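> The C-terminal residue of the sequence shown carries number 1295 in the working numbering, and the numbering is unbroken.
Everything labelled a hint here was simulated from the structure, so no lab data went into it.
Since the model is a prediction, treat every value here as computed from it, not as a measurement.
Please note that the accuracy of each hint is not assured.
As the list claims (entries may be wrong) - Ranges between beta-carbon positions, derived for each pair:
1. D991 <-> K1193: 53 to 59 Å
2. K1193 <-> Y1249: 49 to 55 Å
3. Y1249 <-> R964: 50 to 56 Å
Claimed, not checked - Here are the simulated DSBU-like cross-link-like pairs (lysine-lysine), alpha carbons at most 35 Å apart as the crow flies:
4. K867 <-> K739
5. K848 <-> K867
6. K1076 <-> K1044
7. K739 <-> K901
8. K948 <-> K932
9. K948 <-> K901
10. K1224 <-> K1193
11. K1154 <-> K1253
12. K1076 <-> K739
13. K948 <-> K1259
14. K1236 <-> K1193
15. K1228 <-> K1153
16. K901 <-> K855
17. K901 <-> K960
18. K1153 <-> K1252
19. K960 <-> K768
20. K1224 <-> K1154
21. K1228 <-> K1076
22. K855 <-> K739
23. K797 <-> K950
24. K1253 <-> K1228
25. K1200 <-> K1224
26. K867 <-> K932
27. K1044 <-> K1154
28. K1228 <-> K1259
29. K739 <-> K755
30. K867 <-> K948
Cβ atoms here follow ideal geometry from the backbone N, Cα and C, with glycine treated the same way.
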Amino acid sequence: MWMKTVIATLNAKYIHSSLAVRLLYVANKDLFDVSFREYTIKEDIEHIASDLLSTGCNCIGLGVYIWNVTKTLTLVARLREMKPDVVIILGGPEVSYEPEFFLHSADIDFVVSGEGEFILGKLLFALEKGLPTNMDGVSSKGCISPVIIRADLDRLAALPSPYQLEEDRELLPVKMIYFETSRGCPYRCSYCLSSLERGVRYFPEKYITDNLLYLINHGARKIKFLDRTFNLNKQHTRQVFDFLLEQYRPGLSCQFEVYAELLDDETIDWLNSCLPERFFRFEIGIQSTCEAANRAVNRRQNFPLLSRNISRIIQGGKIGMHLDLIAGLPFETWDMFIRSFNDVFAFEAKEVQLGFLKMLRGTDLRETASRYGYYYDANAPYEVISNEYISVGELQRIHSVEHVLEKYWNSGRFSLTLKAVFDPYYKKQYFEFFDELAQYCSHHGCRLYGYQLVDLFRYLHTFLQSKDIDLFDKLREDYYNCFTVRPTDVFWLDVIEKQERKSILDRISKDEQFLADHHLTPYMIKKQTTIDKLTDNHYLLNVFLPGERMRLEYAFTRPVQHSDPRKDS
């Protein structure tokens, strides 16, 4: 039977691109009638199904992950209704380790377990020739394979490049480009699917540099390296870092998952001295500083060494830092989690990602969940609800902290204010601050969804007032830092009335000496400037110019004669 196959997946966001579907495509496009499609989880199922079937395909392969499994299974059911005889193949990490479950719970034909680039071709060949489909890495209702397939990376590197497809060229500047230089992970964290792989395999150096050069020369702006521990091999790491530095151009950023304890002084000194700012971004999974929790999930951590290395990188000021925490690990109580949070937040990294333990299919921790009294959602992403050490209410409270952490710290919009809050008001009590702010927002009905930016500033302002903390000047500065043009709204109450503001700015715009001293024009003063009263006849001006904001003070030598709004109108 002739097979016309479409390989597809549902990405979490439009800016994401699937490396997996491209690898499957390039591995099979010269042997079979294969094409690929990408969608997002927000798109209408009816539209996706119709679009897939409009290709005239009789075989569809779908990549399945925890973020898209629910919608993918809904799509499978609709495809089966619209074209009952279509062959449906599922692959990806979500289905690889429990193929039997998905074959019995969804109307599908096959599950490919593991790295499917070449085994998919063998399956398509068998289907076209009417041959048996019993093979390692391929499961069907009549035959479940226990094998997780691994692809030969040298053979993959010899294929046409998945990074250099003509249909992707115009999208490179607007998409997040996922890039892999290796596969596998040496660590055995029991909550992670990567722990099920044995060893680390590397792509050839020339394959890596040729493809990176293509991406950089064709306008890629964000490259995220998928390697689970990018800096495992020092020589490999330095080769890639050196190459990227040689090819650096403004506007390009690269993100890596690194293991902080493996960074030596020589590497850190080199990074701090040679890198342009914001070129590299490191994601470091600390997860917990509770030793009992780390031991329970097979994590080895030298926190003093990790702390030293992270601190040195942050002090270097060149690399953006993203630190990960996981709530819900075994043995970590509420008080222990607060300590972990405060230990990690003390680094003051630009982003602190507060995640919640997921009981992924196939992981050791899911298999031993009853040992720790775990309750977790039966549906993806299988998030922990409670365990023997932390309650439902406590985890819900941590969720509330996660919401305000995202809005107030990770957004970067409140940096001046929060640094002033933490020292001295909440010194080393970072979790306590976010927890109290979250409880305040909940109690006062502050919306953390569907809000305006000014609302977030208003909530924080009133919360600080309730604590008798006066940081208005910092908060106002943070607010103005959010804008490139003059804002139309403010969060504070003591604003100058519209007519009075217009009159004062008009008077300032006629001060030729002031304008000349600051290279301003009357138009800039009247149309691009905010004004706030500091004291009588003394004002703060914020002039919003292209690419910059000027912060100036202006004092009148003669008292301001406030106009009568009724007369002006």
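> Could you tell me which of the numbered hints above are not met by this structure, giving the numbers in increasing order?
1, 2, 11, 13, 14, 15, 16, 18, 19, 20, 21, 22, 26, 30
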